[in-house]
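Residue numbers (this note's numbering), protein chains in the order written: chain L, -13 to 156; chain Z, 3 to 274; chain G, 8 to 639.
Keep in mind that a hint or two might mislead.
[Stated by the list, open to error] DSS-like, lysine-lysine: derived pairs with alpha carbons at most 27 Å apart: (1) L/Lys107 <-> G/Lys337; (2) G/Lys285 <-> L/Lys11; (3) L/Lys72 <-> Z/Lys4; (4) L/Lys74 <-> G/Lys351; (5) L/Lys11 <-> G/Lys623; (6) G/Lys136 <-> L/Lys140; (7) G/Lys351 <-> L/Lys140; (8) L/Lys140 <-> G/Lys344; (9) Z/Lys18 <-> G/Lys224; (10) L/Lys56 <-> Z/Lys18; (11) Z/Lys60 <-> G/Lys629; (12) Z/Lys63 <-> G/Lys459; (13) L/Lys107 <-> Z/Lys18; (14) L/Lys56 <-> G/Lys351; (15) Z/Lys18 <-> L/Lys44; (16) G/Lys141 <-> Z/Lys162; (17) L/Lys99 <-> G/Lys629; (18) Z/Lys4 <-> G/Lys623; (19) L/Lys140 <-> G/Lys459; (20) L/Lys136 <-> G/Lys285; (21) L/Lys140 <-> G/Lys623; (22) L/Lys44 <-> Z/Lys60; (23) G/Lys344 <-> Z/Lys63; (24) L/Lys140 <-> G/Lys637; (25) G/Lys312 <-> L/Lys11; (26) Z/Lys4 <-> L/Lys56; (27) G/Lys344 <-> L/Lys56; (28) L/Lys107 <-> Z/Lys198; (29) L/Lys140 <-> G/Lys132.
These aren't lab readings, by the way, just hints derived from the structure by calculation.
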Amino acid sequence: MSGTACQCQEIECAEVEIDYTLLDKIIRDDYGGNREAMIMMMQAIQRVYRFLPEAAVKYLSQVIEVPLTKIYEVATFYASFSLEPKGKYILSVCTGTACHLRGSGGMVEHISKRMGIAPGKTTADMKLTLETVNCVGACAVAPVVVVDEKYYPKADIATLNDFMDRLDAE
Amino acid sequence: MKVLNIVLNGKAVTAKMGQTILELAREHNVFIPTLCDSPALEAAAMCRLCTVQVIEGKWPKFVTACNFPLRRDAEVVTDSPEVRHGRKLIIELLMARCPTSPELQRLAVDYGCDLERFAPLNDDCVVCGLCTRACEAVTGRTLSLAGRGVAIHVDTAFQKASEYCIGCGACVQICPVNKIAMEDVDGERRIILHGKIASRVKLPQCTSCGKHFGPVIDLQQVMERMGEHKIPPPNASVCPECSRRNLAIKLGKRYFEQYGVFEDEEGQANAG
Amino acid sequence: MIEATQVATSPEVNKITSPAGLDIFRKELDSKLDPNAPLLIVCCGTGCQAAGSSEVVDKFREVLSGIGWGGKVIPLVKPTGCHGFCSRGPLVIIEPQDLFYQRVTVDDVEDIVNKTILNNEVIRKLQYKPANSKEVIPRASDIPYYAKQTRLVLKNIGKVDPTEINDSIVRGSYSALAKVLTRMSPDQVIDEVANSKLRGRGGAGFPTGLKWESCAKQEGTRYVICNADEGDPGAFMDRSLLEGDPHSVLEGMAICAYAVGSNRGYMYVRAEYPLAVKTLTAAIRQAEALGLLGDNIMGTGFDFKVTISTGAGAFICGESSALMASLEGKVGRPRPKYIRSVEKGFRDCPSNLNNVETYANIPDIITNGGDWYKSFGTERSSGTKVFALTGNVYNIGLVEVPMGISLMEIVYGIGGGIPNKRSLKGVQTGGPSGGCIPIPHKIPDINVGYGKLAEAGSIMGSGGMIVMDEDTCMIEVARYFVNFLVEESCGQCTPCREGLIRMREILNRITQGDGKEGDVELLDEIGNFTNNFSLCGLGTSAANPVLSTIRFFRDEYDAHIRDKKCPAGVCKPLFHYDIEAETCTGCGLCKTKCPVKAITGEKKKTHVIDQSLCIKCMECYKNCKFRSVKIM
Chain L
-13 MSGTACQCQE
-3 IECAEVEIDY
7 TLLDKIIRDD
17 YGGNREAMIM
27 MMQAIQRVYR
37 FLPEAAVKYL
47 SQVIEVPLTK
57 IYEVATFYAS
67 FSLEPKGKYI
77 LSVCTGTACH
87 LRGSGGMVEH
97 ISKRMGIAPG
107 KTTADMKLTL
117 ETVNCVGACA
127 VAPVVVVDEK
137 YYPKADIATL
147 NDFMDRLDAE
Chain Z
3 MKVLNIVLNG
13 KAVTAKMGQT
23 ILELAREHNV
33 FIPTLCDSPA
43 LEAAAMCRLC
53 TVQVIEGKWP
63 KFVTACNFPL
73 RRDAEVVTDS
83 PEVRHGRKLI
93 IELLMARCPT
103 SPELQRLAVD
113 YGCDLERFAP
123 LNDDCVVCGL
133 CTRACEAVTG
143 RTLSLAGRGV
153 AIHVDTAFQK
163 ASEYCIGCGA
173 CVQICPVNKI
183 AMEDVDGERR
193 IILHGKIASR
203 VKLPQCTSCG
213 KHFGPVIDLQ
223 QVMERMGEHK
233 IPPPNASVCP
243 ECSRRNLAIK
253 LGKRYFEQYG
263 VFEDEEGQAN
273 AG
Chain G
8 MIEATQVATS
18 PEVNKITSPA
28 GLDIFRKELD
38 SKLDPNAPLL
48 IVCCGTGCQA
58 AGSSEVVDKF
68 REVLSGIGWG
78 GKVIPLVKPT
88 GCHGFCSRGP
98 LVIIEPQDLF
108 YQRVTVDDVE
118 DIVNKTILNN
128 EVIRKLQYKP
138 ANSKEVIPRA
148 SDIPYYAKQT
158 RLVLKNIGKV
168 DPTEINDSIV
178 RGSYSALAKV
188 LTRMSPDQVI
198 DEVANSKLRG
208 RGGAGFPTGL
218 KWESCAKQEG
228 TRYVICNADE
238 GDPGAFMDRS
248 LLEGDPHSVL
258 EGMAICAYAV
268 GSNRGYMYVR
278 AEYPLAVKTL
288 TAAIRQAEAL
298 GLLGDNIMGT
308 GFDFKVTIST
318 GAGAFICGES
328 SALMASLEGK
338 VGRPRPKYIR
348 SVEKGFRDCP
358 SNLNNVETYA
368 NIPDIITNGG
378 DWYKSFGTER
388 SSGTKVFALT
398 GNVYNIGLVE
408 VPMGISLMEI
418 VYGIGGGIPN
428 KRSLKGVQTG
438 GPSGGCIPIP
448 HKIPDINVGY
458 GKLAEAGSIM
468 GSGGMIVMDE
478 DTCMIEVARY
488 FVNFLVEESC
498 GQCTPCREGL
508 IRMREILNRI
518 TQGDGKEGDV
528 ELLDEIGNFT
538 NNFSLCGLGT
548 SAANPVLSTI
558 RFFRDEYDAH
568 IRDKKCPAGV
578 CKPLFHYDIE
588 AETCTGCGLC
598 KTKCPVKAIT
608 GEKKKTHVID
618 QSLCIKCMEC
628 YKNCKFRSVK
638 IM
């Protein structure tokens, strides 16, 4: 275990207040406590907190009686789950083939460099999480960048710089 | 039951319906190397080292011997040049991860591996999944295969020392490359995975001699998982050594007291 | 004021209690339709939405409602699924004239309403002009991109409002289901599907009829599962179907359920497709309300309930056993068993898994018969296939063509050819499990079918078709796909996991200029090993992008390794740009475009690139009108 990753998580754990009534609603009411729906419960929990807080996962484990280690296995297997808190904005660069051919790789590199974060990571001020997505199916307007579900078609370095300038100004 | 006619490496043999190739081969003393197979666990076919060729119709196909069920007459070739070549690559690739494993070193000699081809990754784990499957079979609460793709690794939940481990040591025993360690120190048992503590299990203290022992496996829970409910939990207060000695004393009293060999310390002991 | 009488307003929900009732309901809806009512169809597929079509819809509604219509029929605005012609989006089609407007922005809306709708005046600048032509083509159906396609599966997409079931019913949805429930036995349904020679559209091409037959033979509870975990990068056929015509897919599943004897269906939809999930959820609810899905369908006693399950971002979950594990709420690793899922799949029960496009083909096969379906396509590959045409080609989008069509016809006839005066180098099909077909230089052309693609070292796959021009480095393409798979492999079996790691290592060093003699042979050795020894379909095809590029573009590998050159000018350490003195006119465009001021030169004199400053960003190369910037 890398000490830093863990510390960061523990700090966050302490900060995030878990609403157990809400968790109960998700787990028991929406999905009937059905283990087969575990992935969807986890998605619902992630929609609430924007990541999967350890305490919430532990609670899920107790209620549906699935060992914690099994839920952790699932959470680390599927790319859409995050065990670390995400930034205020989530910027995803599409790295599907069409976008790749039109230079999305260079754009990821550019953001990484300027914001000082690797893909999948969040800036220290918790403003921005940089992600890559394998294809959003908008190949005609490649390369595509998605910020919080808004698509930026035919994005280029200038679009990204604009966005990051605004972010810096905030 | 239907008997199948199998040609195993050119020799005509018979197999039972649904028998795996590995079982058949062992029956006939044909050696097929394995890394991720254990007779106690369901086959996972992860290491692929046991790959052989089988011809059921026209064309030979590559299948894993550990889990391929024979369901019709077939020809099986366990050591063709193609098979040997594939195994050689598997060993070379795994040796790059885990160069110190005696098991792999032996296989590398057998298969004439070139150990210079792949740069070492020195990861110390061949991701055979035996430990996680063994853990799953016992309690299913501590180890799992976290991550995916190149990042797959054996881990505990949230990379923290597990609160749920019972310290049974099955993972330690079963690891084919001996990379999971176990030590009993300071009144606790530690399982050490990738050089860090994966679990700490408090060891009980013997009420008789005062030494730490154990751990007391939650046998009842294990039995329940296996569908056995009648077995009472073991005595958790006395270490096995003392327990053996106490029993010897008890038996000794019962049979030899009349000869005056034993001094009666506890008058009621005989009744037990 | 008269509302346009498209069937958009939901009537009182009355359950349809007999198959004949469906027919009556459809006729009733149809009688309310006025074919001459003005209609504004706005494409709201992902491509158009990314280009702002939702805003266009809102603006249309706003503008239209602000006008006094005084007895005239108010035009209806209908947002639909993907029309397919994504590179020209946002698209607006005006009915009944079939007028095609492209690249419509919010600013154009008032003009369209005032000129075209109110005064029948065509706006020329929004009309379609093919590349290299000055003639506009006013009508959508005359545009070669559409005219040259054969739209069977996509027939409703772009025509129906996917959020309104009546709009689908009026075009015939659920009539095939009514037909099987009243006039066909399950065996007859299977025979009809088998007769159509429909093969699985998910990639492997297993005969659908055969799969259904083996599932029907099993005992016990059976499940019908739809694989909507479309993960190939650059492929979005299934997404468009789910978002544009959900009822065809649901109807296909229901027919399958009837044929194999199941009453439970599951749809596994990729997490990255939230709109598809939303559309499907609404579609199922509407169909259940009308008694077309759920319990006692159309009063026939047949039950079929569909549940949607979402993936969580794992390409491997497109593999059938991994998908079923994921449906069970587990980690999506392929199952290490030699048992087919039609025998033991989801919850260890017999499960029939087909892909979205396969199910969407079913209603028409039932309605028109297997012989009709077979009349499209070839002997071995019948029917049509939807492809997502992307990459270096003019017309990007979805195309549906009969099997057996020439690949050159897709690229040039439908796709409109290669932009920027570049030439075609190859077409990649089948995504990360496929290969690059070197048309037109090494193979003049190929008929697109399961067998022919396999002969060329590729696969049909789910339908991704990526056109690559001369500026594409094939080694970089191989590296891209291997890199994708390194992350997307489940990692459980040695050959796939370790083989991919090593192939990536080797390809990385080749593209960095550190390739060694023997690297290609080593790639070939590892690739063949991975393809033979891996556990699942992903692993046993993982090396295809590498093996196919070695087979057809060996010279490029050699150039990288021996000459330390990237002929396509992609691998940065392996090329530099130079300006050719003979052709340079000294126009100065490159000098203006260069972001690092590496180009110097006087007007009308040959310009020069300072190699120490150049970052190889391609701007000068891309912009030079005389092609004087050369890759060296």
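Proposed proximity, G/Lys623 with L/Lys11 (alpha carbon, max 27 Å)
It is violated: about 55 Å lies between the C-alpha atoms, which goes past 27 Å.
With the threshold set at 27 Å, check whether the alpha-carbon distance from Z/Lys60 to G/Lys629 stays at or below it.
The hint is violated at about 54 Å.
Holds or violated: are the alpha carbons of L/Lys140 and G/Lys637 at most 27 Å from each other?
holds (26 Å)
Quickly compare the C-alpha distance for Z/Lys4 and G/Lys623 to 27 Å and report which way the hint goes.
violated (70 Å)
Sort out whether G/Lys337 lies within 27 Å of L/Lys107, counting only the CA atoms.
Holds, at about 26 Å.
27 Å limit on alpha-carbon distance, applied to hinted pair L/Lys74 and G/Lys351:
Given pair L/Lys74, G/Lys351 is violated - Cα atoms ~45 Å apart, limit 27 Å.
What's the verdict on L/Lys136 and G/Lys285, does the C-alpha distance respect the 27 Å limit or exceed it?
Holds. L/Lys136 to G/Lys285 sits at ~17 Å (cutoff 27 Å).
Given the hint that Z/Lys63 pairs with G/Lys459, does the C-alpha gap stay at or below 27 Å?
holds (23 Å)
What's the verdict on Z/Lys18 and L/Lys44, does the C-alpha distance respect the 27 Å limit or exceed it?
It is violated: about 46 Å lies between the C-alpha atoms, which goes past 27 Å.
Hint consistency between L/Lys56 and Z/Lys18 [alpha-carbon to alpha-carbon, up to 27 Å]:
Violated: L/Lys56 and Z/Lys18 sit about 36 Å apart, past 27 Å.
Hint consistency between Z/Lys4 and L/Lys56 [alpha-carbon to alpha-carbon, up to 27 Å]:
violated (40 Å)
Would the pair L/Lys72 and Z/Lys4 pass a check requiring their Cα atoms to be no farther apart than 27 Å?
violated (60 Å)
Comparing the model with each numbered hint stated earlier shows that hints 3, 4, 5, 7, 8, 10, 11, 13, 15, 16, 18, 19, 22, 26 do not hold.
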